[in-house]
Amino acid sequence: MDFLNSITLLGNFIIVPGLVYGSQLALGALGVTLIYGILRFSNFAHGETMAVGSMVTILATWGLQSLGVSISPLPTALLALPIGIIAAILLCLTTDKIVYRFYRRQRAAPVTLLIASLGVMFFYSGLTRFVVGPGDINFFDGTRFIIRAREFKQMTGLDEGLAIKTTHGITIIITLIIVAALFYFLNRTKTGKSMRAYSDNRDLALLSGINPDRVVLIVWIITAILATIAGTLYGLDKSFKPFTFLQLLLPIFAAAIVGGIGNPLGAITGGFVIAFSEISITYAYRKFLTYNLPESWEPDGLVQLLSTDYKFAVSFVILVVVLLVRPTGIFRGQSV
Amino acid sequence: MSDTRSIVSNENKNSRFTRGLFMFSLLALMFCAVAYFQSLSLALTILNLCLISAIMSLGLNIQWGYAGLLNVGVMGFAALGGVAAVLISMPPVEEAWAVGGSGLGQTVIALIITIVLALLAYYKLKSPFRAPLLFAIIIVGYFIIRSFFDPATGAIEKVNPASSGYLGGLGLPITLSWIIGGLFAAGAAWLVGKISLGLRSDYLAIATLGISEIIIAVLKNEDWLTRGVKNVTALPRPVPYEVDIQQSADYIALANDWGISIIELSSVIVKLSYAGLFAIILLCLIWLTEKALHSPWGRMMRAIRDNETAAEAMGKNVKGRHLQVFVLGSAIIGIAGAMLVTLDGQFTPSSYTPLRFTFLIWVMVIVGGSGNNWGSILGGFIIWFFWIEAEPMGLWLLDFLTSGLAENSPLRLHLLESAAHMRLMTMGLILLLVLRFSPRGLLPEK
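Chains as they are written, first to last, in this note's numbering: chain S, 1280 to 1615; chain F, 398 to 843.
These are calculated hints, taken from the structure and not from any lab test.
Take these hints with a grain of salt, some might be off.
What the hints assert, rightly or not - Computed list of lysine-lysine pairs in DSSO-like fashion (alpha-carbon distance at most 30 Å, straight line):
{"#": "1", "chain 1": "F", "residue 1": "K617", "chain 2": "S", "residue 2": "K1566"}
{"#": "2", "chain 1": "F", "residue 1": "K688", "chain 2": "F", "residue 2": "K410"}
{"#": "3", "chain 1": "S", "residue 1": "K1517", "chain 2": "F", "residue 2": "K617"}
Unchecked claim - Stretch-level coverage of chain S by chain F, calculated; a stretch enters the list once three of its residues show a Cβ under 8 Å from a Cβ in chain F:
{"#": "4", "segment": "1386–1392"}
{"#": "5", "segment": "1399–1410"}
{"#": "6", "segment": "1523–1529"}
{"#": "7", "segment": "1532–1542"}
{"#": "8", "segment": "1586–1594"}
{"#": "9", "segment": "1599–1609"}
Just so you know, even glycine gets a beta-carbon here, dropped at the ideal spot from N, CA and C.
Whenever a hint applies, use it, and build me the whole structure from the sequences.
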């Protein structure tokens, strides 16, 4: 019984949050990795693209709410998501046309594009704060929980509860759908294959008659979709704060690099590796050990490896280890 | 043939010199305008921060302009300099040392033993045992270190938490911390550079972004070292206090002669002395960097930047030079960070934001002209000036644009409220525009 209790405890505090956070990171890292694979630069504006997409989603949610539209028990934000996605696509395409295309035509060094993306990041973050302000926004509505801790306890007779929030379920299901659709697109459709070909060898792809403008257009559309969904899911799960998106940049990049930058499968794996390490290293194991150890061995402290204030350090350390041991990442991404 | 070429390059040099002179004179004029229309004291406040910004952008220019290294963690290195100011200048808290000193000593000993054992295991053991044993040493060592560290820091933080609750500093003159701050930043830069240089250029950017976030997290949370978010205030000053100046008889006579209020004149004198100190540092650094840039070393750095492969084929140690230049640039940023805390007279970890300390400095370097020391200094001055003045200007602009709307229309109120965020958009736009239309900046490298 004690063992089952301790497993439930881990499920509630590590496995469920890890899956959810991992899905959010995976979606974010997929966007970064696709841009890197096709356009060959690290897009520092990706976090802020997430912010702008979810900001428009929030505005649309408010609009729908004031009209009285609701899809309870699901949050209204899901209904508003397409509007956010369209806005993000328009924003990305406009930015590409005004900013990035010039450097692409010049075949500028990736570093120049990176600095341009810093400027874009500035602009987007100003835009977000200008429209909705720097404060905390909670836009979740509908039913909060799929399973409440109390119900779980009654159901199973255990002392520990397992709570699953609606946002947890939504995050995982949407991530599964998106990832499946993305892989189907990349591996089975002609456009997807041409994108992979372009990513593998740009000159060869151009010689084979692949239209580069079309590839770039589609990669921005996919990135905008992924960014808006990732940002909205993160905002629904926690809450929407403009400054968190800059801080998310580090775990997202770490996830993409750990998996092998430029490799979509790697981005997903990397997302979960980072999420589970972050959560399991900052979790206090005291209660878990109390269940499993004889009474005389009970720990006095929290048995927490690292305080939650240092969760960035976890993604950083993983990043450093990967850079030292295997710079191409788990799945051998591009090493150019 | 060679004669004409030298004439052309001379003319080029002359026109660049006039251009620089013109820009700096224009800048001087803007300061005079602020002094005249707003106040002399405000102009000097802006000037002091301009000087510090110029030093920071000089440091970043060494990394980006000389060597093409992307440092997206300027904030972290500046904050390390700031910590040095606290650790050098504040008086030590005897009581805290008494309760926690021995515990911290044991922590250090445990840390050294762990590192030595881990290194021994890494170098002496063979493959099958090495990894697991190394892992075990690190894990066990970590918990032993924590068992000394946690009680010691807990005890330190309990000593008068309202007024101290930390170890304090060494009680030395605060100007010394400018050098120490540079050393702190150089140490951190060496570590980051060692790991991520030699890999793809973006990795350095991401690694510096990460280390700067971690440095700030440590400064915010390790109360025993920096008081965390409780801030360290009332740092000793390198210049006299206003109150002391006001009491001198000569001074009062002077103020009466000039017909300026006693309080304003004293604040002007204090700010002027800061400006003098900072200007000395800035001039020294310019002299050194210009010397370096025009020495064989500087030529080698530019050769490496322009074509790494060719430079490597010529037998230059590219990774070694990159590490050197990354450490040097970070050290200068650290010096500027310590100077900033000295000027503020307080250390507030929560004031370190990437927008203000990393990206603003980037805008300075790009706008000023990367690769040119004078350009980055000009960029530092201009961008800081606009950073300060953009808010009133943005407010004025919005007020003007929305003047057709009703006084209390919600759109107008929202826009006026959000005017502060216009800064971010403006800075982003400036960066993008300069990068696109004048990528070599206001004062280009020749």
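Legend entry - Which numbered hints fail: The structure breaks none of the hints.
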